[in-house]
Amino acid sequence: MGILDRFLRTARFSGGVHPDDHKRPAADAPLRVMPPPARLYVPLVQHIGSPARAVVAVGDHVRKGQRIGEPQGAVSAAIHAPTSGRVIAIGDIVAPHPSGLPVRGITIESDGRDEWCELEACDDPFALDPAEIGRRVARAGVVGLGGAAFPSAVKLSGGLGARVELLIINASECEPFLSCDDRLMRDRAAEAVDGIAIMLHATGAREARIGIEDNKPEAIAVMRAAVAGHARIRVEVIPTRYPMGSEKHLILVLTGREVPAEGRPSDIGVVVHNVGTAVAVRNAVRFGRPLVSRLVTVNGACVREPGNVEVPIGTLAGEVLAFCGGLRVDHGGPARLLLGGPMTGMQVPTLEVPVIKGTGGILVLDAAEVGEGDGGPCIRCGDCMRACPVGLLPLEIAARVRVGEVDKAAGFGLADCIACGCCAYVCPSRIPLVQYFHHAKGELAARTRGTQRNETIRTLTRAKAERLEREERDKAEALARRAAASLAAAAAAKQSAPVTEKVAEDANEESGVCA
Amino acid sequence: MSGRDQFMPAPAPHAHAGTDVGRTMRRVQLALLPATLFGFWLFGWPAVHLFVITVGACLLTEAFCQRLRGCESRLWDGSALLTGWLLALSLPPWAPGWIGALGGVIAIAIGKQVYGGLGQNLFNPAMVARVALLVSFPVAMTHWVAPLPLGSAGAPGFMEGLHITLGTLPVPDAVTSASLLGHAKTELSRGIDLAQALDAAGGALAAWHGVRAGSLGETGALLLLLGGLYLLARGVIRWHIPVCVLAGVALPAVVAHAIDPGHYLSATTHLASGAVVLGAFFIATDYVTSPNTASGQLLYGIGIGLLTWIIRSWGGYPEGIAFAVLLFNALTPVIDRYCRPRILGRTRRGAPIRATQGSAE
Amino acid sequence: MLAAILSLTILGAVLGTVLGFANRFFQVEGNPLVEEIEALMPGSNCGQCGFPGCAGAAAAIAAGQASPACCPPGGRSLAVTIAQRLGVSVDLGGADDPGPLVAEIDESICIGCTRCIRACPTDAILGGPKQIHNVMRDSCSGCAQCIDQCPTEAMVMQPLPVTLQQWFWPKPALRG
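For the record, the sequence lines run as chains A, B and C.
This note's numbering numbers the first residue of the first sequence as 1 and each following residue consecutively.
This note's numbering numbers the first residue of the second sequence as 1 and each following residue consecutively.
This note's numbering numbers the first residue of the third sequence as 1 and each following residue consecutively.
Check before you lean on any hint, since a few could be wrong.
[Said to hold, decoys possible] When the alpha-carbon atoms are kept at most 27 Å apart in a straight line, the in silico DSSO-like pairs for lysine-lysine are as follows: (1) K441/A x K408/A; (2) K464/A x K475/A; (3) K130/C x K475/A; (4) K464/A x K130/C.
The set of hints was computed from the structure by calculation and includes no laboratory data.
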């Protein structure tokens, strides 16, 4: 990459930061495969969209790869058993989430045999119809492995309803500490490229570009060699800058074009997939193998043997750490336990949370890596504004949120915030800017929910009032009818009284009350 | 909707660049140091005493206000120290001590704490104090002395200097002098051509080496420039404001001087005398009271420069940078409102850009 | 002197006439604001606000006698909507707001008398005579009208549990 090219690419988006990447030595350690632990805790929602519905019962025996959760709705993903064993519980487990709230999940006790269920293989994926590839990927429960965990099938085969011209493979891995994509490319380059070729076929794009940051020379070399035979797949070396892996920024750097705000990459004919997803797609289409494990970077100063591990989905973070030699207690002890990278990852309250499809890293950082320090008031230095890769004014937004003016914050472009954390990373006063933004977004969403709820309740209230009115009217009419009828009956000869009508009305009243 | 009774983890990001407010303040102070020491040398012990009193007053007021407001003490983040420092540099070096003390109280109490403390003030605290003093005590605030370097004959010693600062010893008439800008203004008002007036004052170029009458810290223009460049190199400030302030003063000066050298000072004189360099690099660049965006800063800088030149050329005061800074501080919220960066994927007006299907590159 | 008095008198007369006409021509019958606010309210007439029904509360809010946040079933979102409509700021009570309350039935005490079912303005309670009743959370307006109806005190108002999808970060604690 020439200096000029590098400059031009760097200049394409303003902002961003250059944190220490801390990727080595973990990235250079050989990949390890973790055997399934005794128990796996598989949440039924590991993706963006509606939760899956459990399709097994407690006590059922399942085999590895067997579907245990059925997707519900248009955007959802299937869940599969990560190993063979017995379902011992379906209920709440601690979600891999900062709130520590429960999530519905299936607990499986491994039988130690780890035997696959029957899989539907395919020798020539390129003979398959793109829609069929989409179906197979959906059946395998593949979601974006870069972190957002968006169901891949929706993005793969025309699910977005727009023509895709360019497939971008996100291998930038801009988050510090994480190296699972790097390791995956170094060890499974051929598989990744095969997956990319299948994705090209499925999306109908003309070409694929693999964006790799220039701090991963080994991966670049291996991938370049692997794409040698493919005319339509290119490796593009991009500058190392956070947040290069943000979809919109990667597209901007690779194509020079901006995704419209409030829009999607498909609006400009681009679709972005993570490189790990490409391997998952290949496994799904070629071998019918569902997504039941993933590469996880275990890193941080407090981890004894940092490196990349292939972990069955549902393994508890604590067990993965134990597999990596456990935690060190020197360095002043662990300061943060994170799922994901340090910039956007989540601190979880306990080690007893499962690895899910979107978990790219388990980090145990010490205080120095976290860079804890004392905060202060905003001095309006504007560093956050210059660091913002989207062009927002974080200080202004936070100031509005601070005094509760969430609507005004929205007026400053809150919805365009990608929560990359650059602003809070550079803030000399250590203002938790991202938390302000998360809070404001949550508050706005809660208000919308509240408004909907109020509307529902208004409708229901009106419906009941109308129903009561109608019943009142009906009763009055029935009463009048009965009076007339009894008059007529009295007028007629004293024959048998019309009892049936009264019975019918009593029944009517009962059902009305218990509606 | 908060996680009640839950252990509340810290939000992302879980990394930090390691910058902090104190370091920024320390860098600014380091950048000011050469010019300050030069000022001490040039004007002797009274200047040192005045400096200590001013800074001390600022720190005491800050501590007092913070206790009064009941907030946690942030005395040592260096912001009060910096305010006092800048204020001291903008005072006449032999000004009586009470001027410095009063200025310190005004700067911190009225200029900063009544707004809510650090980061909340609309105006630059040091300039608020300077202007308040200038308007209230015009004589004391324009009583300049000729350079009398430490160790030179006639320079007051430590105790003598203390007496001068505390007002128990009158300033000898012999050392009283006029600043170059003040001299030019007086001579012009007497109807004397600038060419003759400045000849008598030792020429415009005399201003550059800094051995001249003026405020405590403004005379060492080259040293200030050096400090400013250090701040630029360190990324503490960015070029937009200083360059624009300097250009805003220099450009109209070049034009006007070319047209009528008898009435308008040359650009060199404008830049080298008075507090333009100090103002451009250290005062106008105050984070709190200047616009955030690059375009806003360009506007703000040009405005300050122009206004300074206008006040100097046509106004009633020989020096105008303090007024110009305050005026544009007041305009900062307006500038910030209209100069916003473009959001990715949106037009400057904020609408989403139009999606264009087509081949990439 | 005379000119001054004259001109001011004429000015006063002209302006007075204009104002008088304006009053006549631009007069508004009733208060559309009250109706508008009433349309936003839940309409269950639960009386938790202390006013006679939602119409009474709407009138009070429009007249400035009640806070836009006076309606517990409407919650924060209603308060914000009304405050925006009125162009006033509203104190949402800060962080200790437990969110909307909904009725909950203790199934071990419920005797299935259907009284709560009859009282519920939104038909949010399921069940029949001699059957244990159940509250549909999504439909419960939180009006609490059922609470007093229950002969066994099996009903209580509980905050809606926060789900993973609804949880969001609290506002950072203020510093400095």
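Violated hints, by number in ascending order, as checked against the structure:
Hint check: nothing fails, all pass.
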